[in-house]
Amino acid sequence: MSSGGRGGKRRGPPPPAPSGAAAKRANPSPGAPQPPPPAAAAAAGAEEEDMMDEDVFLDESLLAEDEAALLLIQRDEALASRLARWKRPALPADLAAGCTRAVVFQQLEIDYVIGESHKELLPNSSGAAAILRIFGVTREGHSICCQVHGFEPYFYIGCPSGMGPDDISCFHQTLEVRMKESNRSSNVPRFVKRVELVQKQTIMHYQTQQSQPFLKIVVALPTMVASCRGILERGITIEGLGSKSFLTYESNILFALRFMIDRNIVGGNWIEIPAGRYRKAARVMSYCQLELDCLYFILNTTNRYSDLVSHAAEGEYSKMAPFRILSFDIECAGRKGHFPEPTHDPVIQIANLVTHQGEGQPFVRNVMTLKSCSPIVGVDVMPFDTERDILLAWRDLIREVDPDIIIGYNICKFDLPYLIERAEVLKIAEFPILGRIRNSRVRVRDATFSSRQYGVRESKDVTIEGRVQFDLLQAMQRDYKLSSYSLNSVSAHFLGEQKEDVHHSIISDLQNGNSETRRRLAVYCLKDAYLPQRLLDKLMYIYNYVEMARVTGVPISFLLSRGQSIKVLSQLLRKAKQKNLVIPNIKGQGSGQDTFEGATVLEARAGFYEKPIATLDFASLYPSIMMAYNLCYCTLVPPEDARKLNLPPESINKTPSGEIFVKPELQKGILPEILEELLAARKRAKADLKEAKDPLERAVLDGRQLALKVSANSVYGFTGATVGQLPCLEISSSVTSYGRQMIEHTKKLVEDKFTTVGGYEHNAEVIYGDTDSVMVQFGVSTVEDAMKLGREAADYISGTFTKPIKLEFEKVYFPYLLISKKRYAGLYWTNPGKFDKMDAKGIETVRRDNCLLVKNLVTECLHKILVDRDVPGAVQYVKNTISDLLMNRVDLSLLVITKGLTKTGEDYAVKAAHVELAERMRKRDPATAPTVGDRVPYVIIKAAKGAKAYEKSEDPIYVLDNNIPIDPQYYLENQISKPLLRIFEPILKNASKELLHGSHTRSVSISTPSNSGIMKFAKKQLTCLGCKAVISGASQTLCSHCKGREAELYCKTVANVSDLEMLFGRLWTQCQECQGSLHQDVLCTSRDCPIFYRRRKAQKDMAEARLQLDRWDF
Amino acid sequence: MPVPKPMERKQAAYSNLDERYAIQGEKYQGQQYSHIYFTRLHHMRNLLHALVPSWKPHLPVTTVLGLEEGKDCIIVGTLYKHMKLKPSILDEYSKERSAIPLVKPHNFMHPDDHLILEDESGRVTLAGAIPPAAFVTGVVVALHGKETSAGNFLVEDVLEAGLPPQTALSSACEDKYVVFVSGLSVGSDTFNPLQFQLLIDHVTGHLGDDNEQIMASNIVRVVVVGNSVHISPRFVNGQTVASKDQSRIAEPIKELDIMLTQLVASLPVDIMPGCHDPANFSLPQQPLHRCLFSGASTYNTFSSCSNPHQFDLDSVQFLGTSGQNIDDLYKYSDAKDKLEFMERTLRWRHLAPTAPNSLGCYPYTDKDPFLVESCPHVYFVGNQDKYETRLLEGPEKQKVRLISIPRFSESGVAVMVNLRNLECSTLSFSTSFDA
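Which chain is which? The protein sequence lines are A and B, in order. For the first sequence, position 77 matches number 77 in full-length UniProt numbering, and the numbering has no gaps at all. For the second sequence, position 360 matches number 360 in full-length UniProt numbering, and the numbering has no gaps at all.
Next comes chain B alone, as it looks inside the complex (with noise of 0.2 Å):
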């Protein structure tokens, strides 16, 4: 028997660009919510203004103050999006309760819903060629109209700031892969230890024959998209535990932690936070921390990221998040596949535009660390149903790579993306023999 020529792996450079979502050092001392409103007017205005000449260039720009009835104008402002339905914190304090729960729809959507637009100087309801379904809270855009009799403001045309300028990629002639991997869920009853180790045993290289060796070699990078570990709400919830259930708490972690050591013993590892990972709640959420994985931290191939998560490899940029703006959108708008929320986050320019509506978020006082300044390569969401792509295009040839990631624990796939010519495929594992 031949000794195989041992395999190499490939290896790409890497750089973490998550410093902009770091909130070391920031404190919460009284600061509220308006100033991220600002700072996201005042950035995004500056974009809309220099787009509007080339948009409507006949047109004045005006503030909602400066409306005047029946006159075409363009505004620039933030929206808001009136809701009917929209959960409030008030109603547990409502008198009356109901006897008949509510149904919980799956999305908080009404036909009376409308939107308002707001600036610095006022609000103004908004009627005419703007669809409340397909807007959120929190978006900032232009509008072309006038002012009605009523008061409202008539919209005819409506300009995003599109999609923010791309680098363009260097053309590279190897093949080398990202595998991305959500959900796993470690701890909960639909997480099978048996797929996880056969998707670890695969991208280590210990399975399958030579061509799928070559392929594993090619993987230069693993990113677990969120939503790692599954740990029972009744032992965080700020009852006392009883201490023969204190060690119960860590063995999802433990578990977790093995497992990663598996991979990062062969291959660099990114780790991002979810909401139902052991990090904060608030937008960005901060890297995992490293003393809950005692094993796999000790390897400098692990690094634990925040979420969003922000890289460069090989200088394909590569921007995604474990999935809560994109779940936020879909309780608030409508779209036809979540592929499409993706889209319209890049086209306004913004990761999370309902926070801190309805997501959570830090109250930054001076920056609002979402925007989308530069447009990535690879935008990918974790923690999503279904495995969806597309490659969305844009008009200054911008290319992107839209991914939407299921559930590892759920669906068994994880996905492949092909630094060369950002191809995507999906690595499906499955451990029941009737299929």
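Here chain A stands alone, though its shape is the one from the complex (with noise of 0.2 Å):
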């Protein structure tokens, strides 16, 4: 199925049983045999599961299967041609016989499984233990499974003072007795391996002494961590001591991410493991093409010596291997009138593009369909008799092909659990083994996905092992916003290119015609798999976001599925162990509800400035917020401390919302060096891209700085988050209490200096200030003028802050509309030779509640006052949109309003007119009514008196073929006004009188509905064109009076179909190209698409005017 006619199938179905059924995918197969549960999963708590390891056990008998049952289905000459274009370019020999040169990958994903210790790598070892798996590709292209034998998952808790050697080994025993008993279950002979004593320090708050005992608790297994955290948070008797409970100290920390850090490895890096350090695997478990062991540590009696080297990303470690990136797509035979529903609608398509990294065209390209299916140029079509052959050769084709990286749109919540789901349903036990690992299952579960920056999602977590997933929606909806997420709205967004959308009603019909019918659907197909690739490479995904997982030092497959905080925290955590620092686990300590003053928006003195308005920003302010006044968890003294501490006043600053954090001097904070550092790392890879010239080596330091860019600004987030990983709301109110002094601290010197008194031409003026930044209105009439003020007071402020907080100049807004708050537009310029563009924020051009018809009328008016600096032409031009409107000469298209759908209509509180219109389809055709999950379109018709708003709503097509008359008061009163009287307001007298009750508005044409009840009865009679004067006979066109007028008259019809005939051609040619040929008929629907109504429009319209020109032939 594809995103086409769900208006981007970002909601699937209504969940039938979701949470059962997913539950019950989530272990491995039935008949196998069951894992021991997670140990006590319940005492970690539900709210911590954003952050919880999962234990995995290798299932050894599944390795045993018969592989025979997992062969390719038909081994003809088809299938080995394609197989020798799928694989794999040959392992070189000497890497395929030993181990005799260093192995070198950029690695993609890095995950553990529980299994047997190594005997011969960790002889002093046995039972169950945790083994990293490091999946990479190497430089050539070759696919590596890189498994870490040795190391061991701990954390921390405080020493309490007065223990010995001897009270560390008793706690050791206690700890143990305590661990068995809440894992009955588990049998595994130890727990807790190891309890060391280590001197740390807390990061929390200024402490004087370096370091503090704390013991390091090392257990068997990664999801022992949290049941051990439970254990000791709870308290725990100790003899000698009493019952103690204790904090604990990076206690919340990921296996995998913990082994990253503790071996500096950030995601996507470069690894090598030198030649002699690793053995090949005995038993090969993964379909890598080569599979190693290493060790964690090499103990001697000298040194700890690591297997593994990781590169940071520089020169040739920079690059990009040639990963596989898989792109796909399916389609799926929905029952009318239902989305399509694994339980009951078969997959009947899948197309397939697999792209290496860095290429621009994909080297396999194909699509599997359901019955025959016509050739397709360029595309291996593989038709096949049954569903369970589809599903297998796609399995057959992840396995052979093995892709890093799969991508698609909306694959992680539509494509990949459908798939998945079906197979189940079909009972094709062996289809989900898609991962890396032999035999070793998808598995499924529902999960939700909350953060403050990006709001909550639900979503399905689909776990192949070895590969990362990207959804280009779930990208698309984190990085950009939209009005619409449809693949066809997002693609005409970047790639300047409309989509063909076809309902899904229609592909049933498709299918189930011929080979030709089926060719038509699996080249819409392609086209829906291409796109994910062509928008992964226009925006440099792959680039970025490796990028990002460097900087931040987080797996890749973090970035989507986490929020912002984890990657402060890796890198938090990487600073720390630098500094031997630990961070405690502080959990539900704020409930949400703790806020603090936010930013400062100075009053904004609303207006239509016709001087140029100079812009002062601060440049990364709240990061150097933190830099400056050495904001961190290690420099704040708590109130009770600075009592104890006394601390001389000239080496602590106390912030203006009443903190107080030691300088520099005293102790250097953590954050400010992490900021230091990711913004000298910005200003170095903002520097070096413009130096570099390649393409690729500027892609890849775009995405660098951007990346350095963004997660600067989240550290200060992180700090604020309540339900964080480590909040400290004491550094994020000083933060902010901070910027708000700054911008009145601005405000002041700006209008203190720039003054007449002060030998300057005219007093300045500060109109408007927002979270970092204040707009001066310095009196000067010249772009030019101002800028050199812009600079001067830039400096000079910029003077006055305490380093590295600057303020700088950076552009001129002229002419300037200044609404309210966070609501403006104006021309923007950065040189005074010309504009560099039209600015607008907060003004309705982006709302997606809002019609065409209004971004519209924005749009044009703001360009009209701003760039041809022409007031009565905007008036002029908003008169007549609205003499238009009231005259019924307004494109449909434009007046069409679209809501998602979200819920049926009994769910609804409030009856809602999408809802209602919905209800009313599905009376009219089940078949083509939107479904729950749709964006419903539609339109405001005229009603009876009194009728209710939602009553009013109409399906445009619905409008469109029975000339219904739409309410143009209704656009006029609940879209049009409230966005022009902003607009108009600052600048106009009287607006509201000017442009919405003027001599415009007295014309009124309303459309004749052609079945409404009453016109049933009404008797059409031909009326003469020229007067409307009703004529007898037939065959007549204008009235005696008006025969005079013939050639006038003639004149204006024949204009009228001279206009629509070229609105015609251009219309169904733009669709023709759009579907990307000639020689077959437009099918397209996509309401999404701009002209679609308009397009349904002029070929009604064209066939009515026809019939009026042909009246003439007498």
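Hints may contain errors.
Claimed, not checked - Mimicking DSS-like on lysine-lysine, the simulated pairs with C-alpha atoms at most 30 Å apart in a straight line are:
1) A:K841 to A:K683
2) A:K864 to B:K84
3) B:K71 to A:K87
4) B:K71 to A:K1100
5) B:K27 to A:K1100
6) A:K87 to B:K146
7) B:K27 to A:K527
8) B:K146 to A:K1100
9) A:K837 to B:K86
10) A:K481 to B:K146
Unchecked claim - Sample of chain A residues facing chain B (criterion: CB under 7 Å; computed from the structure):
11) P375
12) F558
13) R562
14) G1044
15) E1046
What the hints contain is simulated information worked out from the structure, not anything from laboratory work. Think of the CB as a built atom: it goes at the ideal place given N, C-alpha and C, for glycine as much as any other residue.
Both chains are given apart, each in its own frame, so use the hints to dock them into the complex.
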């Protein structure tokens, strides 16, 4: 199924019974032996689900399963040639044979599995142990799976004072007993492996002494960290010390991330395993070409020496390996009026494109179809007789092609779960082996992702071991604010092309047709598979995300599935480790209700400014404040400590919000240090970017500088996230209080210095100030002068701030229309020669509830006011548009309003226009009516007096076909009046009277409905085309009175035909262009496409206009 | 003073062949443009297939789908030119209005443009010996080449259908002239009534000495090639027109009617619609309605014709348009002059290949009226910037007189063709004294 008719299939079907089914699926398979339940998961508590390890046990019995059952379906010639194309390049002989040379690869994914500890590498250990698996690709494109043995999960607690070595061993015993009690079902011989005394320091608060004793508790399996933490937090009785509960440190770090931090591995970097430091796996577990075993540490008498070398992303190691990227899309044959459900509806096509990272063209293009399908140029069409064969062929493709990254549009919520559920319905147990581990089945579970920045989103978490999933839809939703996220509108936005949209009710018809109609569908399916790849390339997602992973140190898969905080935490942990600091696990401290005063916004002096307005911006304001005032966890002095420590006033800063932080001389903060590094790195990246010539290198560098900027800005958010990992409101409220102070300070300085008294021509005036910028009217009339003064002011004021806070002059707005807080528009100048662009904030240009008419009207008015400096022209334009609206001359597609249908009618408390309409449409034709998850387009029509607003909505197509009059008054009052008045009020006196009630609103024309009740009784009579007088003879065109005006009236009729013909031609050829074929009819019904309704209307109008013209042929 | 012997105007046998361009009775019933391409491809493929054995007899002919990598073959299909700068109606809806208006180029060509060949089975991108600048969307050709590993088709040679067969010209011994005038633009700023009157007086024999009058008596027909009137767009854009302006709409038409009446009183006149005339927009444009010419239409020497217009005078075949087809080629491709565009349309055997893609066209379902099945002797195109002419000779002894007729209101030039030898000359009228 495609994103198509579903307006983006953002929401899948109403989840039938997801929780139960999903839970079952989470287990490998029904027949297989059940692994022991994850140890004491309950103790961990639900709120930590976001950060929990899940132990997966290597199921040895599965390995013995008959491989033959998994073999490819038929081995014919076609398949052989396919395999040759699909397979990765063969391993060089020396690598295939032995371990004689170093293996260098770029890792993309790191996970772990529980298995028997390696007997040869770790002769002293036994029993179950966590084995880390690093999946990656070498420069030559070989896939690698590297298993790292000997890394153990651990965390810290503060060592109670007076604990000696004996006490520690005693404590160890007690803990072991308690662990055994709470994990009865587990048969692990030893839970707590070691308890070591170490010297560390906590990150929280300024401390005078350098280190304190901590206990490092090493446990057997990663999930035991949570269980052990639970025991310690609830309290444990220690001999001699009594019952005591502990604050744990670094106990909430995912095991794989812990490994990366300790080994200094960042997401997507290159790893080298020196020659002789690894051995080839004795028993091959994965489908990777090379599978290695190596040790986390080599213990010898003098040194702890690692088998792994982690390369920093520099020089040769900043490049990308040739990953294989699979982009796919599936089509399902839905039943009429239903969204496809895996329990009923078969998968009929799967289109696949495989591309090497960095190459422009896919090297594998194929489409698997149910039943025959005519061939397609350049595409390997693979028809199958049964659905089972399709699914298995796809599994084989995955295994043979061995993609590193799987992409698509809404694959995480639709395509992948659908395939897996469908295979389950069809009882194809061998289907979901899609990961890189032999015979390991894909796990699906429901996941919710919530983040302050991105909001709450539900999704399905499909674990495909060793392969990164990258759902373009998720990426779009995270990174861009768009009015619609359907693949059609996203590709129109970024790629500048409309996508053909085939309604899902047609899909079944195409499937049930012949091999030609299925070919049509396949072409469409392929396009849907190709667009995600194009988007990925165009937006340089691979570069940007790998760079982000490298900068923040988290695995690439975290970037889409997790929020901002994990990235900051990862950096914080890395930095803390260098400084020998440990980070406490403070949880549930905030209820989310603790708030603090946010950023300040100076009162906006609304108006239309026809003099240049200079904008002074603070460069990275919040990061600079944190650096300037050394704000950090480890520099914070709580009030009670302040008295105790008695710090001299010159070595502390008291923030405007009243918190105390020590100056860097006493203790340099970690956060400032992280920020300094990030910003310095960004500076370097930007400098390199200037130098770089190679477009690929530029892409990497640009991605890096962007990642660095985003990371620097997210540090502040991390400290303020009350439900986050390590909230510290003292820091965040100090930051905002400084920010407010600075804005005020800037305003004061500007208004004090730039005065006529001070020798300037005019008095400067601050007209508006936002979070990190201040708008100043210096009173000068040229952009050049304003720039000069702006620069002067920026330099002058920067001098009064603590470094590195810096005020920068960036741009001048001229003219500038300030409507209210956060709402303004203006022309944006960075050089006095010509303006760069028109900049508008908070004005109805993007809101998706509004119809296109509003957007066009607002954009056009702003353009006329700001660029053409033609206020009367703008007024005239508004009047013309309103008059057109009232005279029923507006293109219907401009009036369409769309709203998402999130639930069915009964579930809405209040009746809503789009819900009612969906209900009505279902009664008319259940096949094409919108269902839950669709966006419902509608227009407001003229209805009986007193009709409720929700009764006045109607399907635009129905309106077109039946000539139903729209309600211009509704559009005038509810859609366009507010945004227009907002713009015009600062400019015009009596804006409302002038614009909305002038003479242009007097003349109204309403089209006659063709099928309303009363019209059935009306008799149609021919009227004179000139004066509308009724004429008797059917063959006449004009009444005797108008006969003399024949030529003139004919001209008008024919001009109308001529306009429509032009429109008709342009519209229909455009659609041919989009569908990419001249010889086939246009099928597209994309309601997202701006010309869809217009095309329909042109077709209808054309027929009518021709009839009119034919009347002249007497 | 001797009474001069009345001179008699010569006559020529005329038959109008516009029937194929009539859309009488056709209706818009949801038909799309795919049919017209289909018909065109079907017709042209038969022609090209017949030519292949004499072109490259050893090569197999296949479809786009049947291409095999690296194997030399011939494919026949419709060209599609992918153009970056081609204006799209979708741009009207684009969210961001660029602050700086785009510079409008005379021509939408861009170095990145590329050609695609399409048949019913699929599309393939072309590379190699086929310059995108010389071709446009809608042309049907046969290509020799092979598929590359990237899935493109590397063209080695192109086969066009070439000039259609021509009926032999019977040898005439008399000079007879046809006058072509185009772009009168009555009612526009550039229209000069005196200039037009001079033309009428000359053609009707009211001017000049005996020689000139003898010359005038040899003129057997006048063809008015489009854009005869200019009606201000503000009167016909659907807005209500104030009653005082109502009569002004028809004013230029009345004026034209008066002038034409003078002409038709003395010799036959064909009038074709152009893109600015009160006629439909799509090709083929239907004849201007008789009700527009209350005076001239009473004469049987007046005939209102379609655009394109095809007729036969003393068995010399004429074919011409009011210029839209060539203007459109000029926007989407390149050539050294307008005549070369005209030549190409003949070699492609299609008057307007860019219809319907960028040129408005009626959505025919069962025919493509613009296919040129037999080669005309005179091929004219109106409303061009300047007068140009050339005699095109085909491999099968076809001879075609190509004429680009300038706009009369700007140049004061009308074109005369001699039916005897297809020679071409101009009639130039100037009303300024300093010339």
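Consistency of the hints with the structure:
no., hint, result
1, A:K841 to A:K683, "holds (28 Å)"
2, A:K864 to B:K84, "holds (28 Å)"
3, B:K71 to A:K87, "holds (25 Å)"
4, B:K71 to A:K1100, "violated (48 Å)"
5, B:K27 to A:K1100, "holds (11 Å)"
6, A:K87 to B:K146, "holds (26 Å)"
7, B:K27 to A:K527, "violated (34 Å)"
8, B:K146 to A:K1100, "violated (45 Å)"
9, A:K837 to B:K86, "holds (24 Å)"
10, A:K481 to B:K146, "violated (46 Å)"
11, P375, "holds (5 Å)"
12, F558, "violated (33 Å)"
13, R562, "violated (31 Å)"
14, G1044, "violated (9 Å)"
15, E1046, "holds (5 Å)"
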